[in-house]
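With the hints as extra help, turn the sequences into a complete structure.
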Amino acid sequence: MNEALSQLFLGFQVALTPINIMWTTLGGVLGTIIGMLPGLGPATGVAVLLPLTFKMGPVGAMITMAGVYYGAMFGGSRASILLNTPGDGAAIATCFDGYPMTQKGRAEAALAMSAVASFIGGMIANVAMVFVAVPVAKFSLKFGPAEYTLLMLFALAATAAMSKEKILQGFIGMVFGLMISTVGLDGLTGVNRFTFNILELMGGIDFLIIIIGIYALGEVFKSFKSVHDPSYKMQTKFGKITFTKEDWKRSWPAILRSTPLGFFIGALPGAGGTMAALMAYNNEKSLSKHPEEFGKGAIEGLAAPEAANNASSVGALIPMMTLGIPGSGTTAVMLGALLMLGLQPGPLLFTKQPEVAWGMIASMFIGNVILLIINMPMASILVRVLSVPAKVLYPLILGLAFIGTYAITNSVVDFFILIAFGLIGIFLDKAKIPTAPLILGGIVGSTMETSFRQALMLSDGNMRIFHGSPITKVLIGLTIFSIAWPFIEGAIKSAKRSRTA
Amino acid sequence: MTWNMITGLIATLIGVAYGWSAWNLPRATFGSATGHIVYPVILGALMTFLGLVLIVKELLVKEKPSARNAPKFGPLTRHGKEIAAAIGASLVYAIIFEPLGYVISTILYLGAVLFLVNGRVKVARTVIVAVFFSVGVYVLFSVLLGIQLPRMPLLDI
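If you read the protein sequences in the order shown, they are chains U and W.
For the first sequence, position 435 matches number 475 in the numbering used here, and the numbering has no gaps at all.
For the second sequence, position 101 matches number 343 in the numbering used here, and the numbering has no gaps at all.
Keep in mind the hints are simulated off the structure, nothing from the lab.
Take every hint as true, because none was put in to throw you off.
Lysine to any residue pairs mimicking SDA-like chemistry, simulated, CA-CA at most 20 Å apart:
#  : chain 1 : residue 1 : chain 2 : residue 2
1  : W       : K364      : U       : P429
2  : U       : K95       : W       : L387
3  : U       : K265      : W       : A331
4  : U       : K262      : W       : T319
5  : U       : K472      : W       : N311
6  : U       : K470      : W       : L318
7  : U       : K262      : W       : A354
8  : U       : K265      : W       : V359
9  : W       : K299      : U       : F527
10 : U       : K472      : U       : S263
11 : U       : K206      : W       : K299
12 : U       : K472      : W       : V295
13 : U       : K95       : U       : Q393
14 : U       : K277      : U       : P429
15 : U       : K265      : W       : N360
16 : U       : K470      : W       : H321
17 : U       : K182      : U       : T487
18 : U       : K470      : U       : E205
19 : U       : K472      : W       : G322
20 : U       : K470      : W       : M243
21 : U       : K336      : U       : E148
22 : U       : K206      : U       : G530
23 : W       : K323      : U       : L468
24 : U       : K262      : W       : A327
25 : U       : K265      : W       : F315
26 : U       : K265      : W       : A354
27 : U       : K533      : U       : M319
28 : W       : K299      : U       : G530
29 : U       : K472      : W       : K299
Below, the structure is given as structure tokens:
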């Protein structure tokens, strides 16, 4: 407890330097802008803005990327409220009541409440993170290579299984991601694997390029469909961005209930912001005394998912930072970025480089305050970005994707890989294959293989090492459960249905 | 032919090809002789299995192909043509990137994509945006961030 606080104090010393406050603001503002654009969410934001962080050093880079992440969560709701087009999945639930409020002429109240709910959700989750991070990191020091292999397997399986009826497609994407990560020169034996004698493939395929290909190129190509949509018009003149006392009275219990829910769901592998927001929304609806108002502009129906998705974005950082295992697409992108900067997130990050880990955690407190200021008084300036035509913005994202790729590898060969994965992104969308398992598989793939082989070396090839210790048993159980759960849930539902019918 | 069927077929194909080439990888000369082979073979087998399950599932369900679950073949829609043109432009960009240098190639590329989505209206805006973005990014990356971008060979900008 005291240890966490003194570490947090150290973090604030790092985060409160003028340069780091600047990075926090920059990350938050850019994240908000990307988050506002329909179809583009935090994963795209972090991927496209990555090259900006190259010269910042680890602390600055981490602070900026975190800023982009929760900035995008703030921003995602703007387009939901004003245009009924969510910036990303986590903002879908915000449309349900946010857009009806705009139609009723209450856009100002909706914008203000979503900013305040996001702020409170984020802040409370930050406090929770301060106290949870160290114990989790300490516990994970008990993990050997076998435990790590299984932990990654669990995170992957849970993410793939989360795609519900698309569970097979989810697993196919996951294995494909794992396969890509095996391309290149094998570090342990010096054998070239799957390089087809192409020299450039020997170093492996940089997964960040695949992410930019799928999330930036693919998303922009898909959005070509909507850029000609003439209905893309929105309110650009606003009164004072604020809400009434009555609004607050209705919303605060919803915010306080949704925050812990969001935080917890975010920390689970695979679940993430979309699910947190939808669950919070349904939860409020079922608790409400007047559920009939939901979907017609009930302000608590807006506040709940907003608090939940911001809390979940903080929760999602916990497994990424303390275990080095991402639980969502965006944190997978962040992990990839950190590895490229030479940082190894995981338990040792907290002891070896506390200024990075705690600097980032502290910066999130500051960032939330900054974003509240940006999103309340300055909201009317910021949403002007939305009135810049998509026809101009989307081509520029393409430009950013290419420059980002070049900045990562300095090689034009990767442009072709980028374009290929832009095409694969379109295919994945058409075939309804979820992207998160693929991205996750690609990012943790090589670490997972290394752990797997280390474990087998330790045990001299005996598979018992994967199910001998209590921790491995629990992890195997969790993995099986997460795969089986969608089927059990389906069986329960159909049993219920047949009983009522 | 539904999208799921296509996914299943591709997955099976990838699984078999990948697993087969993993199996035939050269044995290592030092360290564990097959250490680098076991894991990819498992992946190949898993992929093949998943692909086959998906195919069998599709055969059992026998859903009628519709616009929602099956691809439509034939001439490209306007949207499809735009995507194809944008991808073509991207490929050209990749080819001219180094010979022409960052600024010129990016002006051409962005100009092309902007023209593609905006058409003949607002050509002035297209040109201004393309030029400002290219020069701005060049200054940001080369001067401020110190990331080397290909310069234009003749004029050296």
